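> Below are the chains, spelled out letter by letter.
2 protein chains.
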Amino acid sequence: MPRNVVVAQSGGPSPVINNSLRGVLDTCLRNRERFGRVYGGWHGIEGVLKEELLDLSAQSAEEIALLRVTPAAGAIGTCRYKLKHSQQEDFERVIEVFRRHEVGYFFYIGGNDSMDTANKISNLAREKGLELAALGIPKTIDNDVGDSEFKLIDHTPGYGSVARYWLNAIAVANEENAGSCTSDPVLVVQTMGRKIGFIPAAARLADPQREWPLLLVLAEAGLSLEAIHAQVNETLAQRGRAIVVIGEGFHLPEVQMGAKRDAFGHVEFSASPITVAQVLVNYLNDHGLCVPGHARGQIPGTDQRGGIFLASQVDLEEAHHVGVKAAELALEGQHSQMATILRRRGSIYGVHYAGVPLHEVANSERTFPKAWLAKSKFDVTDDFLAYARPLVGQDWVSVPLVDGRPRFTRFKPIFAEKKCPPYVPVGLRPAP
Amino acid sequence: MPRNVVVAQSGGPSPVINNSLRGVLDTCLRNRERFGRVYGGWHGIEGVLKEELLDLSAQSAEEIALLRVTPAAGAIGTCRYKLKHSQQEDFERVIEVFRRHEVGYFFYIGGNDSMDTANKISNLAREKGLELAALGIPKTIDNDVGDSEFKLIDHTPGYGSVARYWLNAIAVANEENAGSCTSDPVLVVQTMGRKIGFIPAAARLADPQREWPLLLVLAEAGLSLEAIHAQVNETLAQRGRAIVVIGEGFHLPEVQMGAKRDAFGHVEFSASPITVAQVLVNYLNDHGLCVPGHARGQIPGTDQRGGIFLASQVDLEEAHHVGVKAAELALEGQHSQMATILRRRGSIYGVHYAGVPLHEVANSERTFPKAWLAKSKFDVTDDFLAYARPLVGQDWVSVPLVDGRPRFTRFKPIFAEKKCPPYVPVGLRPAP
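Sequence order for the protein chains is A and B. Counting in the numbering used here, the first sequence runs from 1 upward without gaps. Counting in the numbering used here, the second sequence runs from 1 upward without gaps.
Please keep in mind that the hints were generated in silico from the structure rather than gathered at the bench. Some hints here could point you the wrong way.
When chains are identical, the list treats them as one kind, so a pair holds in a single copy or across two.
Unchecked claim - Below 20 Å or equal to it, Euclidean Cα-Cα: the simulated SDA-like pairs (lysine to any residue) are:
1) Lys260 to Gly288
2) Lys151 to Pro413
3) Lys418 to Glu365
4) Lys151 to Ser57
5) Lys195 to Asp113
6) Lys128 to Arg3
7) Lys151 to Leu385
8) Lys260 to Arg194
9) Lys260 to Asn233
10) Lys370 to Gly355
11) Lys412 to Gln209
12) Lys377 to Ala58
13) Lys260 to Ile274
14) Lys370 to Arg30
15) Lys128 to Phe150
16) Lys377 to Pro208
17) Lys120 to Pro400
18) Lys84 to Glu33
19) Lys128 to Asn282
20) Lys120 to Ile95
21) Lys50 to Pro292
22) Lys370 to Val291
23) Lys151 to Glu127
24) Lys50 to Thr367
25) Lys260 to Tyr283
26) Lys195 to Arg34
27) Lys260 to Leu289
28) Lys375 to Gln231
29) Lys375 to Val267
Treat the numbers as computed from the prediction; the structure is a model and nothing was measured.
Generate the whole structure from the sequences, applying the supplied hints.
Below is the structure:
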C-alpha cells in the first residue's frame, strides 16, 4: 500500500536546490507502488506545521522539468523556522499532520540543523507508532555540513555553483580592476559563507596561477584590519591595484553589534546596520592608500546563491542525484539517513552516493581545514584548489528564455485538503 | 599616405565597451591605405599624456576577436582623468604626442565629458596645424549621453547589457524573495546609474506584467525614506514580501556627506562611507516592518557593468557597429563627429548609424523622461518598457571557457617607442 510523501526545504537556498527536489520527485513519481502523493511543505517546515502542503503530484511534467534551471526556493519556498528541541508541541504537530495525511516518507533538504530536526522527527514517529522514513538531503552553499575530514560528505550540493559564481565574478572583477585601477585601485568584494571560509576561498579558482593581485580574507586566518591595510598597500606598491575578497563573517565588533539575528540565533549579515565590506572600505580610505584613488566595495548578496546563470553543471547533476539517492534509500527500506556524496579515490574526479546516519551528521561540525590556509594568510593552498576545482565543472548552464526573460518553474497553487485543526507554530506565537 | 590612429576609452567601463574598440580596430586594419598603426591609449587619455601607446596593430587576430566577449576595460584600460579646459598644458601635450607619432585619427570612447574633450582636441589640432580627425564613440551604462528627446542618440552602447543584467538579477531575486520571505521579507538592491534613473528603471523588464511586489525607486521620483517605508509596509501587508530597487544616486544627505569624489567632481558612490542601500535597509529595520523578519541589502557594484555573461546580444552588436561607423566617418573625411545610434520609426525595432557633431553632444544633457515615471512614483510606464525592451535582445552571449575559466583578451605589452620628453599630467602633479 503506497504511503504519501512530504518533501521540504530549510534555510538559505542555492542555485541548484530545486534539483534535489526534482530528484526526489522524479523517483517518487516513477515508483507509484511505494510512494503515494508527493507534497511539498510550503515554505519548509512552517508549511508542514500550518498544514500548507503543495500537491506536487498534481503539477505538470513541464514545470517539474524546469526545476532543473530554477534557482533559489521560489518553487516551494524555504524558511528559517527552527524546530527547537524544547518545542515538543511543534514536533507532535508534525507527527499529527503526517499521520492525518498518511505520510510515510519525509525528505528534508537542508544543513546540519535540518538533519538534526529530521532525526528527531524520525525518532518521535517511531515512539508514537507512526511508520515514517525520514531522510535528509544535504544542501548549503557554505559547504559546512558534515565533518572536516570529509568522511560523512565530500561537499554539499550548492557549493560547486557558488564556487563557480565566484570564479566568474572575480574574473570579471579583475578586468574591471585592471582597467580602471587609475581611479579605483582597490576593489573589496564580500562573499557569503558566514564564518566558514569555503566561499571566499573559491575566488582563487579564478586565478589558480596567482597572476593577479588577489587577496583572500578568510575569517579563519585571524587577520586584523591593520594587517589587511598593510597587505593592500604592499600589493598596491608592487602592482598598482588590488582585489580583496572578504567573507561576511570576518570578525568585527562593529558588525556583530546591533546585528539582526534569525530564528537559529545566527547573525543575518546582510540585514546588519553595517557590513564587513563597508567597514573595510572605510578603514582603507580613512587610513590611506599608497597610490591615488579610493577603495570601493560591493556585496552581491543573495545573487550568489541564486546565480543559476553561472551555476556548475557538476553541482546541478549532483544535486539531482542526491535527491534521487534519498528516495532510493527510502525504497530500500532505510530511514534516519542522509543521502550523501563521497569522492572516489584517484586523480580523476568521480563520486558515489550513499547513506549516512542522520544523527552522525547532526552531531558533526565542519570547518575550513587549517592546512588549506596558505602561510601568507591571504591565500589558500593548491590542495584546496585540487579539492574545489572539479566541483565547478566546465560548461555553462543554459537557461531557457521566453521573450528574453528566464523561464522558471511556476507550480499551480494546488494544496492538500486540510484535515487537522488550525495551529500556530510555537515560534510564531505572539509573546505572552 | 596612411596616418596612424589612437583609440582611447574614458570613464566607467561596460560589458561591451571592447566591442566598440574592436569595431574601430577591425575597420582600421582593413583599410591600410588610410590608417597606419593603431595605438591604444593605455588607461585612456592618461596613456596619451604619458605617451604609453599600446600597439594594437601588433596584436594577434585571436586576441582581437576575443574582445567580443571581454568585459570592462582590462584590455587597454580606462581612466577618470579629466582634461580640464583650464589645463591647456595637457591639451598641448596631447597634440605634441599625436604629432610625433604621426597620428591623424583619434577615436575617443566615452560619455558627454569625453565628447567635449574630443571636440576641444579637434579644435586645438586645427589651430596648431595638425591634420587630425577626432571622432567620438558613445559609451555608458547610464544611458546619459545626448539629449532627452533621443535626437542625438537613441541609447548608448552598454545600456542594453546593464538592462539585461538587471532583468536577470531581479528574476533571480524574485525567486529568492518568494522562497525565503518568511524570514527575509524585504530585499533592497542598489543599482548604478548615478542620479539618472535608466538603470533602476530597467528592473521592470524582469516583470513587465507587474505580477511581483517590485518597487522601483528612481532618484527622479523625489521620494523620501518615510514614503518608501510606508509603501514597503503597504506591499508587505498585501503580498507578504517586497523587492526594492534603488538607484545609487537617490538623494540622501548622509551618503553625500563625506563621500569620495573622482577627478570629474562626481561622487563615487561605491567608495562612500555608507551606501544608499544600507541607509534604506537600516531605516526599514529601525522603523519596523509590518510582518516578521528583516530587510536585507545588496550592492552588486561593478559586477553589473562587467557582466558579460548576462550581456545583451543586441547591445554587443551595436557597440561593434558604432565603432565601425566612427572609423567609416573618418574614411569619409569627417571629423569632430560622434558616431551615433538612431532608432528607425515603426513598431519593429531597427537602428541606423550616423554622425552627429561632437559639440552638440558636448552641450547636451540627458535626463530620464518625466513622462516615463508612473503616477505611483514607484514604477515606470509601459512607454519606457517599449523603449527599453528591444535593447536587451533575446539570447545568451556565449563566453568561451578554458579549463572552466572565461577566456578574455590578453594583449601583449608591445608599446610604441617613446619620442617625447617625459610628462606628468597636470592633474597628477603633487600639490605645490
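> All hints, please: hold or fail.
Okay, the hints, checked on the actual structure:
Taking CA atoms no more than 20 Å apart as the test, lysine 260 paired with glycine 288 passes between copies only; the shortest distance there is 13 Å, against 31 Å inside one copy. Taking identical chains as interchangeable, the C-alpha atoms of lysine 151 and proline 413 are never at most 20 Å apart, the minima being 40 Å within one chain and 48 Å between chains. Taking identical chains as interchangeable, the C-alpha atoms of lysine 418 and glutamate 365 are never at most 20 Å apart, the minima being 38 Å within one chain and 61 Å between chains. In this homomeric assembly, lysine 151 and serine 57 never come within 20 Å of each other (Cα to Cα): the closest approach is 35 Å inside a single copy and 56 Å across copies.
Proximity of lysine 195 and aspartate 113 under a CA criterion of 20 Å is satisfied intra-copy only: 16 Å inside one chain copy versus 45 Å between copies. In this homomeric assembly, lysine 128 and arginine 3 come within 20 Å of each other (Cα to Cα) only inside a single copy, at 17 Å, whereas the closest approach across copies is 90 Å. With identical chains, the CA atoms of lysine 151 and leucine 385 are at most 20 Å apart within one copy only, with a shortest distance of 19 Å there and 53 Å across copies. In the homo-oligomer, the alpha carbons of lysine 260 and arginine 194 lie at most 20 Å apart inside one protomer (14 Å), although the nearest pairing across protomers, at 29 Å, exceeds that limit.
Taking identical chains as interchangeable, the C-alpha atoms of lysine 260 and asparagine 233 lie at most 20 Å apart only when they sit on different chains, with a minimum of 19 Å there against 33 Å within one chain. Taking the closest pair of Cα atoms, lysine 370 and glycine 355 never come within 20 Å of each other, the shortest separation being 27 Å inside a single copy and 61 Å across copies. In this homomeric assembly, lysine 412 and glutamine 209 come within 20 Å of each other (Cα to Cα) only across copies, at 18 Å, whereas the closest approach inside a single copy is 49 Å. In this assembly of identical chains, the alpha carbons of lysine 377 and alanine 58 never lie at most 20 Å apart, being 53 Å within a copy and 40 Å across copies at closest.
For the identical chains of this complex, lysine 260 and isoleucine 274 are neighbours both inside a copy (11 Å) and across copies (18 Å), given an alpha-carbon limit of 20 Å. For a Cα distance limit of 20 Å, the shortest separation of lysine 370 from arginine 30 qualifies neither inside one copy, at 44 Å, nor across copies, at 56 Å. Proximity of lysine 128 to phenylalanine 150 under the C-alpha cut-off of 20 Å is found in neither arrangement, the shortest distances being 35 Å within a copy and 72 Å between copies. When the C-alpha separation of lysine 377 and proline 208 is checked against a cutoff of 20 Å, the pair qualifies only within one copy, where the shortest distance is 16 Å, while the shortest distance between copies is 48 Å.
Taking the shortest Cα distances, lysine 120 and proline 400 never come within 20 Å of each other, neither inside one copy (40 Å) nor across copies (48 Å). Neither within a single protomer nor between protomers do lysine 84 and glutamate 33 lie at most 20 Å apart by alpha-carbon distance, with minima of 35 Å and 79 Å respectively. Within a single copy, lysine 128 and asparagine 282 get their C-alpha atoms no closer than 57 Å, and across copies no closer than 46 Å, so neither meets the 20 Å cut-off. Proximity of lysine 120 and isoleucine 95 under a CA criterion of 20 Å is satisfied intra-copy only: 11 Å inside one chain copy versus 78 Å between copies.
Only between protomers do lysine 50 and proline 292 lie at most 20 Å apart by alpha-carbon distance; the minimum there is 16 Å, versus 58 Å within a single protomer. For the homomeric pair lysine 370 and valine 291, neither the shortest alpha-carbon distance inside one copy (34 Å) nor that between copies (42 Å) is at most 20 Å. In this assembly of identical chains, the alpha carbons of lysine 151 and glutamate 127 never lie at most 20 Å apart, being 30 Å within a copy and 77 Å across copies at closest. Taking the shortest alpha-carbon separations for lysine 50 and threonine 367, neither the intra-copy value of 35 Å nor the inter-copy value of 50 Å comes in at or below 20 Å.
For a Cα distance limit of 20 Å, the shortest separation of lysine 260 from tyrosine 283 across copies, 13 Å, qualifies, whereas the shortest one inside one copy, 23 Å, does not. For a Cα distance limit of 20 Å, the shortest separation of lysine 195 from arginine 34 qualifies neither inside one copy, at 42 Å, nor across copies, at 60 Å. Taking the shortest Cα distances, lysine 260 and leucine 289 sit within 20 Å of each other only across copies (13 Å), while inside one copy they are farther apart (32 Å). Proximity of lysine 375 to glutamine 231 under the C-alpha cut-off of 20 Å is restricted to the intra-copy arrangement: shortest distance 14 Å within a copy versus 51 Å between copies.
For a Cα distance limit of 20 Å, the shortest separation of lysine 375 from valine 267 qualifies neither inside one copy, at 29 Å, nor across copies, at 39 Å.
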